[in-house]
Amino acid sequence: MTKLTKALALATAVACAAGGATAQDVPDWLGGELKKPLSETRIGITVLYPGSNAYQAKYAETAEAYSRELGIQATVMDPQGDPATQFDQIQDMASQNMDALVVWPTSQNALIPAIRNASRAGIPVITSNSPIGEAGRRYIVGHTGPDDCAQAEQAAEMLADSIGGEGDIVVVEGTPGYSVSILRKNCFLDKMADDYPGINVLASQTAEWNREKAQTVMETFLTQFGDEIDGVYAFDDGMGLGVISALQGAGKQAGDVKVVTCNQFGEGWDAMKAGWHSGSNKQSPVDDAILAIQTAIKVANGIDVPDLQGIETPKVLPDNVDTFERPSW
1 MTKLTKALAL ATAVACAAGG ATAQDVPDWL GGELKKPLSE TRIGITVLYP GSNAYQAKYA
61 ETAEAYSREL GIQATVMDPQ GDPATQFDQI QDMASQNMDA LVVWPTSQNA LIPAIRNASR
121 AGIPVITSNS PIGEAGRRYI VGHTGPDDCA QAEQAAEMLA DSIGGEGDIV VVEGTPGYSV
181 SILRKNCFLD KMADDYPGIN VLASQTAEWN REKAQTVMET FLTQFGDEID GVYAFDDGMG
241 LGVISALQGA GKQAGDVKVV TCNQFGEGWD AMKAGWHSGS NKQSPVDDAI LAIQTAIKVA
301 NGIDVPDLQG IETPKVLPDN VDTFERPSW
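Each residue of the sequence shown is one higher than the last, beginning at 1 in my numbering.
The set of hints was computed from the structure by calculation and includes no laboratory data. There are no misleading hints in this set.
As a list, the in silico BS3-like pairs of lysine-lysine whose alpha-carbon atoms are at most 30 Å apart: (1) Lys213 - Lys191; (2) Lys252 - Lys191; (3) Lys282 - Lys185; (4) Lys315 - Lys191; (5) Lys252 - Lys213; (6) Lys252 - Lys185; (7) Lys213 - Lys282; (8) Lys273 - Lys252; (9) Lys213 - Lys315; (10) Lys282 - Lys191; (11) Lys273 - Lys315; (12) Lys273 - Lys185; (13) Lys213 - Lys273; (14) Lys185 - Lys315; (15) Lys282 - Lys252; (16) Lys185 - Lys213; (17) Lys315 - Lys252; (18) Lys273 - Lys191; (19) Lys282 - Lys315.
Here are the simulated distance ranges between beta carbons: (20) Gly251 - Glu69: 46 to 54 Å; (21) Glu166 - Val26: 50 to 58 Å; (22) Asp168 - Ala254: 18 to 26 Å; (23) Ala193 - Gln96: 44 to 52 Å; (24) Lys35 - Gly133: 27 to 35 Å; (25) Ala65 - Lys213: 26 to 34 Å; (26) Ser328 - Gln205: 24 to 32 Å; (27) Ala65 - Asp190: 35 to 43 Å; (28) Ala121 - Gly249: 49 to 57 Å; (29) Lys273 - Arg120: 50 to 58 Å; (30) Asp161 - Gly32: 39 to 47 Å; (31) Leu308 - Val26: 22 to 30 Å; (32) Asn320 - Glu228: 28 to 36 Å; (33) Ala65 - Gly310: 21 to 29 Å.
A quick note: this is a predicted structure, and the numbers were derived from the prediction, not measured. All C-beta atoms in this analysis are idealised placements derived from N, C-alpha and C, irrespective of residue type, glycine included.
Turn these sequences into a full structure, and let the hints steer you where they fit.
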């Protein structure tokens with residue numbers, strides 16, 4: 001193992017000391033036969049930036065725990081949101097001849113050469129949560145994760161409904177150039193333009209998936225537009241919580257400005273119960289990580305997988321929030 005892997009791995013060689021696989025060791029979800037025991041299966045996983053928010057931290061935690069449960073040898077790595085670091089991680093893990101790689105991409109396009117090299121070396125690669133750019137999709141065997149465009153359209157519907165189909169809104173974006181950011185922006189704006197012509201976007205600005213930056217962005221919006229703002233769309237619940245903090249700091253009351261997000265967190269669930277949050281959707285990092293690892297094990301054993309496998313993301317609203325368990329992230 002190289003120094004790079006040792007330095008950046010969240011958990012290296014998470015392994016079970018089990019012996020050879022038997023018929024009883026084959027998971028029900030596998031859909032085929034194991035080429036080698038799970039204890040000898042080596043999966044490399046590089047996660048966007050577990051330190052940036054609760055969702056990504058829970059995803060990485062689940063990847064480690066589920067790998068231990070299965071008994072596979074998994075290396076879970078943190079590129080800290082840097083495409084250059086993740087590029088090196090992919091190259092490094094490929095050089096170790098892993099059985100499969102799971103990549104939650106930090107960039108749509110910057111990683112394509114590294115993924116291409118792994119694919120040409122015979123190492124199957126799946127992307128998780130965030131799609132790779134179209135030019136790189138020939139080099140992956142599949143993608144798992146939420147449908148970000150559908151979530152953005154849901155957010156448009158929920159925000160429009162909450163403000164009665166007309167009014168002025170602001171948008172708090174994720175990191176520019178990141179595929180999830182692109183989808184959650186373009187699909188939201190397209191849905192608004194097509195179905196809700198009475199809604200006007202006053203301004204849109206990135207907060208880079210960061211709660212504190214989102215609070216600062218919202219404070220700026222409040223200074224610029226004041227009571228003109230009827231609603232806010234934040235690309236995830238972490239940034240939505242920053243928006244709510246800014247509204248509270250400005251002396252707003254719960255419900256004065258409608259806040260809608262994608263991907264509800266536990267604190268967002270609390271904020272919805274308290275009247276500050278008008279809509280989100282359920283997106284589980286546990287389901288996200290488990291699906292990616294199961295898919296990686298399948299392709300490592302030569303089992304065909306669909307090009308795209310999704311996780312469910314139903315709407316969460318004030319009138320149905322009690323039907324959803326409070327997220328633990």
